[in-house]
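Student: In order, the protein sequence lines correspond to chains A and B.
One point on numbering: in our numbering, the residue at position 64 of the first sequence is 64, and numbering is uninterrupted.
One point on numbering: in our numbering, the residue at position 91 of the second sequence is 1091, and numbering is uninterrupted.
Hints listed in this document are in silico derivations from the structure and should not be mistaken for laboratory results.
Heads up, the beta-carbon is just placed ideally off N, CA and C, and yes, glycines get one too.
In silico EDC-like pairs for lysine to aspartate or glutamate, Cα to Cα no more than 16 angstroms straight-line: (1) Lys-403(A) <-> Asp-1312(B); (2) Lys-403(A) <-> Asp-1331(B); (3) Lys-1338(B) <-> Glu-1241(B).
Quick list of simulated restraints, FRET-style, between CB atoms: (4) Glu-376(A) <-> Asp-1066(B): 45 to 55 angstroms; (5) Phe-405(A) <-> Glu-1199(B): 40 to 50 angstroms; (6) Asp-1037(B) <-> Asp-177(A): 48 to 58 angstroms.
The residues making up each chain are set out below.
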Amino acid sequence: MKNGSTTKTTASKSAKGEAEEAGARVSADAQGSNGAGDTAEARSFIFLPPPRAEALSVPDPLNERGELVCTDETTLAPAQMRELYRWLQLTRLVEEKLVNLYRQTKVVGGVFRSLGQEATAVGTCYALRPADFITPLIRDLGAVLVKGIRPREIFAQYMAKAWGPSEGRDLNIHFGDIERGFVGPISHLGDMIPVMTGIVLAARMRKKETVAVAYIGDGGMSTGAFHEGLNFAAVQRLPLVVVAEHNWYAYSTPTRKQCAVTNLADKAAAYGIPGYVVDGNDVVACYEVMKKAAEFARAGGGAVLIEAKTYRRKGHAEHDDQRYLPEGELEAWEKRDPLDRYQRHLISNGVATQDALDEITADVRREVEEDAAWAESSPMPEAEKAAYNVFDNSNVPPAFRPKVFGRGE
Amino acid sequence: MSAAAKKEHKSNRPERGGVVTFVEAIRQGLWEEMERDPSVFLIGEDVGVYGGAFKVTDGLLDEFGDGRVIDTPISEAAIVGAACGAALMGMRPVAEFQFIDFITPAFDMLTNYAAKCRYRWGAGVAAVFRGPCGAGVHAGPFHSLNAEAFFMNTAGLKMVEPSTAYDAKGLIKAAIRDPDPVLFFEHKKLYRLPRLREEIPEDDYTVEIGKARTRREGRDLSVITFGAQVLTALDAAEELEKEGLSVEVIDLRTLAPMDREAILATARRTSKVLILHEASRTGGIGGEIAATIAEEAFEWLDAPVVRVAATDTPVPYSPPLEEYHLPQARDVLDAARKLAAY
Ligand SMILES: Cc1ncc(C[n+]2csc(CCOP(=O)(O)OP(=O)(O)O)c2C)c(N)n1
Ligand SMILES: [Mg+2]
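Just chain A, with the same shape it has in the complex (with noise of 0.2 angstroms):
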């Protein structure tokens, strides 16, 4: 990786090829796709040095069958394939599990699924040192259970109970473990991007080797914080990966009207920083190329920025209709499913047998079910609790409801 290669190629392009290549673009809306329905044919990689649109069309890896595997150029070990394997089933296990939760109404607020891209927070986050840092966005469980988050943790957070790590206080992933490396995000986009500079900001203060990794959307990377955040990560060459996470969907607007540039890492150019695609859906890939970009970052390079192309397979939200949704691009998506792929991955490469992946799932399974089962079992928290921890309370009484009349009370 070298700094400002994507620039170079940026600025080679024609102007005259640039409107073609925006004419095709708008035509294609014209006809009612964004674009991705090509992408289940065309639009594969393992991971691309210049993000431009001629990089698009690395073959899909396939197996001897002809069926969609990962991709062979890895370093993982066999045992750490296995194991990768298990993040996945994870990832996707606790959030089913979410979702019964939520039909029995024990979950109090809404439950945001990673149906369909689970590899590229488990892929990405896996790559990643203990004491590295991580900010998720609310579809990265993957990343914040790879951390060493417990399902437990989740389920009492999304429950509202009092055993949750925010005590109730805050909702499903809206916590942090700085031990874990895991500084957990609010729901305004984009502010976790400076937040992590200060992370690693610190960390070189200390003469400590810690690279922080960011995950944000294709819609809030549209923020001003990103671009703040970013834009002094790589002045000051800090060690921070940002992981844009291309789902072709932000709510309901498509990525066309989010931003112009073909390619999210199309952006690191303005930067002056490496840019990378990667196949999200690949979650060997994923790794790959997090290690190398971990890598870069740690011995100096600064910031990295890395769009994982996956797909949101599944609305916004439970409530989410999705009635935006081309025909067809669900199912070309489903086709592509990290955990199914991954699975044949395996077996076709003789790194595990059906039987023993069935044992991991079954061992998962159990893990969910016993944690979902603490969880439940945990009180919701007491109502007077809402008033501390405004401040540090051996400074300032707790915030509690006033009395009428009640100077001095």
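Following the hints, position chain B with the ligands against chain A.
Tutor: Relative to chain A, chain B with the ligands alone:
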């Protein structure tokens, strides 16, 4: 979206008037203003094909096209800034925040640009900035905001928050026709509340910005409030009537510029005032109302002015915590009884 899918979801033109919910009243108001005035347009995240996260703009894209119903990137500063610029050119933008919590990335645009244009160079920014506000639905610290106090100390922004379907339609129309920037807060609990269904007129009407409304007349004490808390106040008033207390309920409807006349009039009439709002107490707009009464109606008062509001914490997620945080009917009853007995 395929033609078939689009047809299936096409939402029809709303009736004019009729029996409507709160959300339908706003949708009618937007629709009619867009029909009446071609310079009115909508801009915001997911307002087009999805019809907005709360479906306030459902069907407007099909009717008015994507030239006038604009789905934007997730860029609140761009939404507000673009609305300001378009307003300077004579357009009448209505910008939506998906949740009012997401007004904060546009804080600079609103407080520094929109609010100060007329004062600095005589250019009014005739734009509406609307969105769902309010807590009580277990949505946690980032989807429950009541933002009015953030803007109360900024001269140049009007703020409106209706509590009935009739007022919602009349005020959104008035806001769109207003020559200055208007923040329009819609409490999300009210959107589909069956209790708020009411018959509204078929004919075009507006509700004047800057005027409160007496929702219930009373003699013994006044509750001054707005938004979803009007319902809490009305319920409490009913309960207290059984105890022989006659409670007046004032719905502010407009928060800035505040209807001082109405506030002072009710204070002078009942001599005991309780201010109720859903945002945190400290620095909330209740303080401003109380100060106004203290300064200008002190001689009429028979008791200190009392505030009932949320506690000074973020809005927590878990139901028991959120209930503790928010003012409840029982808090209003308790305060009102003590005030009456003072
Ligand atoms: C600043 C800001 N504005 C609006 C929202 C409301 N909102 C929540 S999620 C979302 C869409 C996010 O899309 P994307 O960034 O692509 O992430 P994805 O949901 O696809 O993972 C929006 C608009 C928000 N959270 N933050
Ligand atoms: Mg997205």
